[in-house]
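Enquirer: Here's the letter readout for the chains.
There are 2 protein chains.
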Amino acid sequence: MNSCIAPRKTALLSSLALSCVLAIGLALPAAAQSPSPSDVEKHKTTPGGKYEPSLDVLKEGELEAPGAKEGVPSLTQEEFNRANQIYFERCAGCHGVLRKGATGKALTTDVTRESGYEYLRDFINYGSPGGMPNWGTSGDMTEKDIDIMARYLLNEPTAPPEFGMAEMREAWKVYIPVEERPTEKMNDFDIENLFSVTLRDTGEIALIEGDSKKIVSVIKTGYAVHISRLSASGRYLFTIGRDAKINLIDLWMEEPKTVAELKVGSEARSVETSKMEGWEDKYAIAGSYWPPQYVIMDGATLEPLKVVSTRGMTYDTQEFHPEPRVAAIVASHYRPEFIVNVKETGKILLVDYQDIKNLKVTAIDAERFLHDGGFDSTGRYFLVAANARDKLAIVDTKEGRLVDVIESGGVKPHPGRGANIVHPTYGPVWVTSHLGDETVSLIGTDPEKNKEHAWKVVQTLEGQGGGSLFVKTHPESKHLYIDTPLNPEAEIASSVAVFKIADLTKEEPEYTVLPIGEWSGISEGVRRVVQGEFNRAGDEIWFSVWNAVDQESAIVVVDDKTLKMKHVIKDPRLKTPTGKFNVYNTRKDVY
Amino acid sequence: MNSCIAPRKTALLSSLALSCVLAIGLALPAAAQSPSPSDVEKHKTTPGGKYEPSLDVLKEGELEAPGAKEGVPSLTQEEFNRANQIYFERCAGCHGVLRKGATGKALTTDVTRESGYEYLRDFINYGSPGGMPNWGTSGDMTEKDIDIMARYLLNEPTAPPEFGMAEMREAWKVYIPVEERPTEKMNDFDIENLFSVTLRDTGEIALIEGDSKKIVSVIKTGYAVHISRLSASGRYLFTIGRDAKINLIDLWMEEPKTVAELKVGSEARSVETSKMEGWEDKYAIAGSYWPPQYVIMDGATLEPLKVVSTRGMTYDTQEFHPEPRVAAIVASHYRPEFIVNVKETGKILLVDYQDIKNLKVTAIDAERFLHDGGFDSTGRYFLVAANARDKLAIVDTKEGRLVDVIESGGVKPHPGRGANIVHPTYGPVWVTSHLGDETVSLIGTDPEKNKEHAWKVVQTLEGQGGGSLFVKTHPESKHLYIDTPLNPEAEIASSVAVFKIADLTKEEPEYTVLPIGEWSGISEGVRRVVQGEFNRAGDEIWFSVWNAVDQESAIVVVDDKTLKMKHVIKDPRLKTPTGKFNVYNTRKDVY
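Respectively, the protein sequence lines represent chains S and B. Numbered by my numbering, the letters in the first sequence go through residues 84 to 674 in order. Numbered by my numbering, the letters in the second sequence go through residues 84 to 674 in order.
Careful: at least some of the hints might be erroneous.
One copy or two, either will do: identical chains are not told apart, so a pair holds if it fits within one copy or between any two.
[Stated by the list, open to error] Mimicking EDC-like on lysine to aspartate or glutamate, the simulated pairs with C-alpha atoms at most 20 Å apart in a straight line are:
#1 440 / 487
#2 183 / 245
#3 183 / 250
#4 481 / 435
#5 440 / 399
#6 296 / 482
#7 481 / 438
#8 583 / 607
#9 440 / 482
#10 268 / 635
#11 296 / 381
#12 440 / 479
#13 256 / 193
#14 440 / 402
I should point out that these hints are in silico values taken from the structure, not numbers from a laboratory.
For reference, chain S alone in the conformation it holds in the complex:
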């Protein structure tokens, strides 16, 4: 189904592009937040193994098979368990755990019973141009599975178990207490230039030294680590798996290891640490998809301290939503606050961590389906994509209020954390690419010296095509890089486009194509090239060449000045590398 992703220079908002966005939406049921593409749901064309849903949501007995109702087909316990597993793997990302709908339509029984068994069966089998995958004719689901799913959808949804403080404390492990950890750095690595690389399908991260390009450690983590984040001091590395498992890794140890571990739910995407002066390394926070909540933890041990539900009213219609998932979380540099983005209700929460017994939260009405975003170059303004609405919400983190919600200028913005450049004409701008088309949008971010351009799309560039996940630059760089790993054309998926910032004064700036996949020397697989990440000095950019778990993958290092290939990292342990997080750039929010 990726064949409908907008190819090179598809006209904006064509009906093709529009239906593609939805299809991409379905291919990304819990689309990548920032900046790892680790949660790309794998249909036939994507590399890698199958997503193993957390067993927590599938415990037999805890979910009761619904009983026979008049006119409603029943399922055996075995069929019900199978349907639950398929639903969480294939459907929940778009339609929601409680089937209330998100990117996909609502599948509550008032809707499904109206449609009836045959309609559901055929819809699952053949899909729709509106974006529903053709699960049957694609070969992903058997006839039997489709029959089970159609019957399953005619019964009431069952919610996975809650995961509150009791469950968290049971899951919490401190392997090395604080007092047994080193009091100074015990290794020779240049920690500031270390890269934490997600090995998506093996449930690991690789720590790679920036200068030597050597793997110094491979550490077992949660499944498909979505992001790595650094404590403010840079000592502690936090990873969060899609299965809601957090690892706390001490980079001061002779060999960096997991010193504490916590599970915060059955599915999650975000972790962050307190960055405000005076609060460095004190707290961490993680946001979950299920249960819909966030938890504040002790920064040195992951001890869970405060769990807060996000269930509540949508910002616009003000109706209760039972499953508002937590997307990106960032830490303010201006106030002792975490900035928590809640997808389904469209609220941005400023969570003040000064006094967690008297927790102060400002809930900003923004836009629905908030996903990922980042700061402007000053760190004062936070820009976040409401991807299913083609919008960007901008928050003034100093004043704690919404600045504006604007059109992103393209279809389904996916900024990761975005890229900040100083535009020769418009001054400081923040950049996002789009999943749904080739548009790269530049938004003015300087309301003081460039007031007329602030919070407006001042320029749109045409990239290689749709299917972009991340843009990247660095204050020392004169370039802007745009990946397109989800583009259906192999050539586009395995290369990146680079604009010269100085060329942005031109009417139609041209880009250079870097054939990263080719440079990797790998000949098998789709060789998706994903997520550029700069080193500490800002003079080289690393790209993952992401193949399936049974194929060779690599990391290609590019010289930013010359745009030439500088180095290829290959290693048998480097399986399915996706997101990469340079310690210095991540802890300082340099992007």
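Following the hints, complete the assembly by docking chain B onto the known chain S.
Expert: Below, chain B alone, put in the same frame as chain S:
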């Protein structure tokens, strides 16, 4: 079953008293918050008609009868509707709409199916010494009803419908737009000395002039108005019915009338208005039992502006609670905030109303089952009872933080809004009586000049007995009044105890008994005497003599100086009077 309410001077914490508290809890499933006893569930010994649950929760078709499950008895749609009605009338107050338990035990299917049909049937029939009423042997439920209820409890609970912004806007009515209302006071009443009196079972309030003691208007409202509150200016009177209907009454009109109306759910208890300087009359807020949420409204029209769910984690175990009901709400005088007390999660919310699009809420971890409370004499500290925990939580509304949670010194504190006196020994103290025993507790409230006494129970007095709902005094008064309307002894229920403040220096201060019921001249009925309320000048106190709807009731006015009967208000329209709210004292929080 009220026969087990602790009679005169029962020893504290005797096993009798303990079981009585639970029984009272059950007799008060949604016990009076402040200061009207309008939500006393009527068992055989209480006066008045039956509580009619809101039809909203009983709409046929919206609640689906659960289907047959193996081993689980089924109900016909008719039986299910009947069971739902009985459940909301008799059971929900203690066991919760979702049967998660509160004052009563959890009745979720994991519990009930463990017990089985016969156990449930017998328990409902015979009750228990732990506090469950004997619904069958008391004659309240027929054998058939008990059979239905036992089967009902073996099936999954069904939640009443949500009530979000769409439903509120549909229910919202403005009868007289702001521009058509008078621009100055058009009547001759001394508004500041007007009393708004709840006529519980007729769904009305009576406005009574303080000086003439004449009823100037009887206004149709929601059912069993729980409280009346005044806008900061004193112009607008707000009432909230137990059926979640709010009336906005304009006291400037020649004949005061309802100018706007709103329904905020299916069951509610609290309404309040913005009191901070600069925000007078601007906003109102109402809190609901179902759905568990609060809504901020325009103060002049009741237009619903912001709905906020209270569903979330309990403060202590931090597990998700699906039904955290909103109890008392007061408005801060120190900050532009509403103070919202959430029962089941034990959180006190400081809701900053300065910017409701970027709503800032501080959630203070306090104690479970928060109910009602009031300010100290300075208005800075708010004291609220966690009644099922025999505790008081104290909040510093100036600093926005919890001061302490202390034992109340008795069983099941029920302060209403409490009473502030200057104690000859301990300085400023705040007073609460108790539902579960005869204790009257005095708590020091002056951390500056009487630091050693602050936030401690400095003295306990022995009142007439258990079953007290309200204490009352006035800055001009030298007396402290304690009612006991729920005491099973008719003599105690129909009289009040009065302490002289000057006598509190004595080891065992004695009280005078005022035989208010007798003074009323009414000879029929239980003549429960409830809720003293001072006039504007503070020289007379009014008590309701509350009889059943088909019996005569009255209001007795007592001269505070002489403790003699001064006047009896009788009127055919004065049916089931309970709470009374003097305009000046209510709007200025004088108590």
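Enquirer: List in ascending order the numbers of the hints, as given earlier, that are violated by the structure.
Expert: Hints 6, 8, 10, 11, 13 contradicted; others consistent.
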